[in-house]
Amino acid sequence: MNAERPFIRVVNVSYRYPDGTEALSGINLDIYQGEFMAFVGQNGSGKTTLSKCLNGLFNPTSGDVIVDGLNSKTTSISQMVRRVGYVFQNPDHQLFNSNCWDEIAYGPRNIELPEPEVKTRVAEAARVVGLPETYFGEHPFFLPKGMRQRVAIASILALQPKVIIVDEPTTGQDARQSLEIMDFLADLNQAQGHTVIIITHDMPIVARYARRVVAMGSGRILADGPTAEVFSQPETLAETFIEPPHITQLAQRCRSLGFDPGTLTVEDMLRQFKELVA
Amino acid sequence: MAPIIEIQNYSWRYSYAKMPALNGINLIIEEGAFVGIIGPNGSGKTTLAYSLDGLIPSQYRGIKQGAVNILGREVEAYPAGALQKLVGVVFSDPEAQFTAMTVEDELVFGMENLGLSVPEIRERLEWVTELAELGQLLEKPPYEISGGQKQRVALAAVLAMTPRVMILDEPTSMLDPVSRKRVFDVLVRLKEEQRNTIIVIEHNLENLASLADRMILLSNGELLLEDETHAFFEKMDLLLENGIHPPGAMLFIHRLMQEGYYASRLPLTVDEAAACLTEVVARLKPPGPASSRG
Amino acid sequence: MNKTLLGYVPEQSPIYAVHPFVKLFFLLVVSLFPMFIASPEWNLALMLFILGLMWLSRVDMRVLRIYVPMVISMGSVIFLSYTVLGGVHPEFGLAARIAGVNIYWERIRDASVVYARILPMIFTMVFFLSTSRERDVIVAMRSVRIPFVVTYVFAMALRAAGMVLEDFQIVRQAEQARGFDTAGKSIPYRIRKYVMYMIPLFALSLRRSEEFANALLARGYAFTGEASRVKRADYVLTHYSFRPADLLLTAAIGLAFAALLVLRFGFGYFELERSWFIAWLKTALD
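Residue numbers (my numbering), protein chains in the order written: chain A, 1 to 278; chain B, 1 to 294; chain C, 1 to 286.
Be aware that one or more of the hints could be misleading.
[As the list claims (entries may be wrong)] Label pairs and their computed distance ranges (CB to CB):
| id | chain 1 | residue 1 | chain 2 | residue 2 | range |
| --- | --- | --- | --- | --- | --- |
| 1 | B | L138 | A | A123 | 54 to 60 Å |
| 2 | B | A67 | C | V150 | 38 to 44 Å |
| 3 | B | S58 | A | A123 | 44 to 50 Å |
| 4 | A | G26 | C | M70 | 39 to 45 Å |
Since the hints were made in silico from the structure, they are not lab data. Note that the structure is predicted; figures quoted are calculated from it, not measured. Think of the CB as a built atom: it goes at the ideal place given N, C-alpha and C, for glycine as much as any other residue.
Could you put the whole structure together from the sequences, leaning on the hints where they help?
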């Protein structure tokens, strides 16, 4: 984590829907470059609303969201999306071009980049998500779901935002596909320096990839800290109705034997076990 | 109990696909069993579920080989609407399967389709409402309830038709953990109180493993493994090879078994695993100094 | 407020004690009244009566604000088309001449009559929609034994509309997240770009309709064959009982209509010649 100023500052943000429901109240959050975070919480806890405030889709009803020094309320959408990208859960909600190439080019064209620049970005984004060139001319509608999701991610990457928010990357995916997509996001984070935020229910994935967890409930942040720390606080977790991953639960159940309640992986647990019985 | 589902050398290829979705499946499911079906995406789980309900081949175009028998009769031999009295399906998308304007109407819809009378409907309505804990929601329209609640409604709506076989196709994949647990709570009650045959297709094993009597592994359209749950999970390597991720605690104990620390029955839940681990540690941990004794 | 697809209906209201059939009956019959009333003042009185009923039913009258622009623009269109675009009969009297266009008295008169007829019809519909939950509409239709398929399709259309609206919001946000910004762009540009929304909406509907058809079948609904002819219990109707008060109201509405017809055809009420509004209008324009 950098000691410099946060890339995104959320200052006392509240959000109220037109029909009066308060989705967020008094949110304060600092997000630094290079982080890999997870937003967790029950449906309706506000995590999606908060994420949409981060890239300017929603304007907070009070408080400010400052991204890279720009206030989201006074900055145009095209400026915001260059900095914070948001990949929606269902790729069908965003794909509409007749071929994948145009689909990925859509973003850069929207922010009015010159065509040669657009070409470079599309090629780069496709390479990063592992989209083979053979798919460039294909219609996105007919691709398998995993490919569609990659095209969706590529179309956001082409905007080259520093922060990328992915909504439910692993829902509906099987184990192998989930790991593939998460490994890919981890690579984006480590090798390319993007800040990655995932909104998810998948606790084992959070345990394995996210270094920081923000747990929300009823529009408030209930916990914000390193993954192991957040998972080892049973009271907070009970409030958010989140259960830690299976292995963490086992470690917590066996705390009295000497296991760390913040254990996140099977490997770690095994290591601790061997030390215990050695 | 007698077999209720018999699948003999069954293959199905969708007309648009080059490869069959299911290839040479042989399977017998006994009445009253709780069966879990797992496998990577594209392995044919949903195809299998649809085949049991008659959706395949009636709604989908393709080539069928072999036989799918429910209660001794071929799936195609049932007249329209008759198979659904025996086999109920709950799908994975809560949005797409809410077919009425309020929860109560949804629960009643299937029963009306069966031609039940008002008193019969009222009785069953009360029963499923209580079982699935929907009492507060009866008057609400679909857009006012959460995904998890919708899935419970779907479960109850199918259950109200009292099918002998209930198939749930990834019922919790779109739900948050709490909603997921509540759906499984209903399944637990179902298992304890009723004698339906229940087949659950899932990715998330943490809840399923402790409920299922038998488990099936599908991969690439083929049935790779079918066994009683404990024995099933003991073939951990085969599962891992085929992209299955067992629950963390189970995997951990399996590793202990592999390294020779433990040699008994594989636990299926966190509690069982904790008990195992406690016992192993107690057995292997070097005894502490006498003063540590309480 | 109870949110329904078409707006908000009041949480509590005396109108809920009325059987949905009566509400539907009111809508259908009272919508016909203006067809037999030519004098604008009677039609406007009817409109005020409907508004009064809305107020009595505790409808939030602010909902009417939404309809004001529509009512005004519709009025303008009617007047314009009648006066400027309407034909000329040699016997027409010239009322005014504006910007080189002849405005005839008969045209103004006819426009007023038409406008005054449409207003109560619109507000009768608004009254119905503001006091009926979706379920009421379905129950009303079922209670008059409209075939199940029809009521079901209607209900599903309502649901589908809601889902499409929701989807539309998400699609819009997804496009915005890729830098799509209509701020400061021209109207033709916006219209062209709206086509973009259609494709994802279409794709989503396609996928959903397959799942929906499967869900229907899984619930034992059969479109053809013996199973489709099963006698349905119509359980939802058990929540609504047709009480003496409902019978009275239905009779009252029917009688009102009958009285209207008698007065109109038997005694020549509500006719143009007897309308003091028209008379006043004529003198005002002369």
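Between L138 (chain B) and A123 (chain A), does the C-beta distance stay in 54 to 60 Å? About 56 Å separates the Cβ atoms of L138 (chain B) and A123 (chain A), which means 54 to 60 Å holds.
Has the hinted range 44 to 50 Å been met by the Cβ atoms of S58 (chain B) and A123 (chain A)? Since S58 (chain B) and A123 (chain A) have Cβ atoms about 46 Å apart, the given range 44 to 50 Å holds.
Does the Cβ pair A67 (chain B), V150 (chain C) satisfy 38 to 44 Å? 39 Å, holds
Regarding G26 (chain A) and M70 (chain C), is the given constraint of 39 to 45 Å on their beta-carbon distance met? 41 Å, holds
Every hint from the earlier list agrees with this structure, and none is contradicted.
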